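Number of protein chains: 2
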Amino acid sequence: MKRARLCFLLAASFLCHIAAGQSVTSQQLPGQGQYVLLIHGGAGTILRSKMTSGKEKVYREALEAALKAGYAKIKDGQPALEAVQAAIRIMEDNPLFNAGKGAVFTHGGRNELDAAIMDGNTRKAGAVTGVTTIKNPIDAARAVMERSEHVMLSGKGAEQFAKQCGLTIVRPKYFYTEERWQGLQKAIRDEAPKTKVGHRQQQPGTGFPDYKFGTVGAVALDRNGNLAAGTSTGGMTNKRFGRIGDSPVIGAGTYASNKTAAVSCTGWGEYFIRNVAAYDLSALMEYKSMPVKEAGDAVITKIGSSGGNGGLIALDRNGNAAMPFNTAGMYRAAITKDGKITIFLYND
Amino acid sequence: MKRARLCFLLAASFLCHIAAGQSVTSQQLPGQGQYVLLIHGGAGTILRSKMTSGKEKVYREALEAALKAGYAKIKDGQPALEAVQAAIRIMEDNPLFNAGKGAVFTHGGRNELDAAIMDGNTRKAGAVTGVTTIKNPIDAARAVMERSEHVMLSGKGAEQFAKQCGLTIVRPKYFYTEERWQGLQKAIRDEAPKTKVGHRQQQPGTGFPDYKFGTVGAVALDRNGNLAAGTSTGGMTNKRFGRIGDSPVIGAGTYASNKTAAVSCTGWGEYFIRNVAAYDLSALMEYKSMPVKEAGDAVITKIGSSGGNGGLIALDRNGNAAMPFNTAGMYRAAITKDGKITIFLYND
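Chains F and Y supply the protein sequences, listed in that same order.
The opening position of the first sequence corresponds to residue 1 in this note's numbering, with each subsequent residue numbered one higher.
The opening position of the second sequence corresponds to residue 1 in this note's numbering, with each subsequent residue numbered one higher.
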């Protein structure tokens, strides 16, 4: 009898855990209709109880710096693309985030970076994947969009292209940070018995270690009413086999159309790819006339239902914003056309 | 005056050329509601006037062989995934098509292959990109889907994974064919003055040389009502910088959902990525209640409007098929549950 009760409690706790991971946090934002730039610095186990005031301050400052860099472009009358790129560059250069300088390590001890950018006006897009020597992958994504006839370039070829474009090239060791290196060592130690070829055993829906989080992204609306979206990431700690996540996949992690919204996602990339998450938000707006917030919630609900987790930021042409997620928290910030900044970290 | 008339005629001819390239061919198919497998072998300048009866026969036989290989699985009660994989393997092994053995060459004289597969029932997916030693990339895509926790693996990592899975590994020179090598030499000779970094000058909407065509794909419906889609390609002749096209991008070149349809695209990949073409077809069915044929036409019309060209095959859960394209022709074939085969090559 006691054993039955224990089993019941364990099962209930397990189900609550799933439910907690799946419920969508989507607050009412104070400046609807006024937003010009939203950014995220990744979703994951971001709990107030685990945060020190010092750490929280550092994150808030980093988000604010990125937001201000992007906002300066908007205020200056420059295109949304410029604002997205400026905000992401700041986050790429800050080791706090899993993008650029702070990229996580692959199983092989490398830093392989991905980024994408899309122009909502022309619906042109550019992306790079698996690059190891480009200081700011978001710059490379933009160069692919504007200076090649392609959308997606990979590996050494993408690096060669970036070099030809005159972008800043660094040695791979530029991306070494002690914290990320220790993160890889921990991830390797934590690996569960392998049931699939070279992969961890993982119960769908039970949540996933934060190995894959910290991706950064930005969506912007400029004075001409044009939207743009961008995403940059170091991918998943301990990733193998040249894994590509959703960030550089147009339609999955990044999408923008002036008809609907600019979207940047973060989270368990495989689920965002299979759900074609960023474009699904756009399709729900275009084909079902859903407002951006409702569409964002619907997409994250689908991600949760299929066993995945993460979040997204989305901005429509009228300055309405959505920042839903189903993880414990998501680093996210928004600024209105009057320069009013709001920063959120947790799910409250 | 004569010069003005000449200019007018030239302009008219140019506009007709654009119009011809943009108009969608989408015939009424005789076995609607009965189809179980559709395949394509690429879209492009496939003109009756340029085809010899010998060459036409070879293509028809190749398409029929692929169709029969896939149909055998369906008839045997096996999953749609098996049928898709079997049909694509046959085309990958045939040097006629730009996939597997017949893959085109990159600018650097390599054969870099991409493939993707998606299960409409589970909406799981797998893809590989930039692989040079995997005999049948479609097998690798399926292994990624079923034997890893990832969706998309690239380059050497993907090859290492395929090897660990016991797939057939070949030397890169296995993919050498004299015809494709000569195709690369021609493409290099044909290059227009470079205006972008290392790329050809290209007027949008004027049509594109057939350097990027010949991709193969299959969509199937099994006895349990499950759909699946797959695509495999050698990419674009003379491609550079590790370019990734739409084929391995879930939502762009490949998508399947039992709720809507299984889709495989072929054509100018960049436009299919930016239009999130395969998933857009699904979204039009799901959110706008469009029949598969209407949705297929809408997607190819959008591709054309944005300056791209190509085609797609799509099959819904009720055995209704769509095979629209806006190029001069598309190698395509279909089989009904009773084994009735239809093969089309041209736009009539």
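It is worth saying that the hints were derived from the structure and are not from the lab.
Only a predicted model underlies this, so the values are computations on that prediction, with no experimental measurement involved.
Among the hints, erroneous ones may be present.
Since the list gives no way to pick one copy over another, a pair counts as held whenever it fits inside one copy or between any two copies.
Here are the simulated lysine-lysine pairs, BS3-like style, with alpha carbons at most 30 Å apart [claimed, not checked]:
1) K124 to K337
2) K124 to K68
3) K68 to K288
4) K337 to K50
5) K293 to K186
6) K186 to K156
7) K156 to K68
8) K186 to K163
9) K173 to K288
10) K156 to K302
Hints versus structure:
no.	hint	result
1	K124 to K337	within (25 Å within a copy, 41 Å between copies)
2	K124 to K68	within (25 Å within a copy, 40 Å between copies)
3	K68 to K288	neither (34 Å within a copy, 40 Å between copies)
4	K337 to K50	neither (33 Å within a copy, 59 Å between copies)
5	K293 to K186	neither (37 Å within a copy, 51 Å between copies)
6	K186 to K156	both (29 Å within a copy, 25 Å between copies)
7	K156 to K68	neither (33 Å within a copy, 40 Å between copies)
8	K186 to K163	between (34 Å within a copy, 27 Å between copies)
9	K173 to K288	neither (48 Å within a copy, 50 Å between copies)
10	K156 to K302	neither (35 Å within a copy, 33 Å between copies)
The structure fails hints 3, 4, 5, 7, 9, 10 (numbered hints given earlier, in ascending order).
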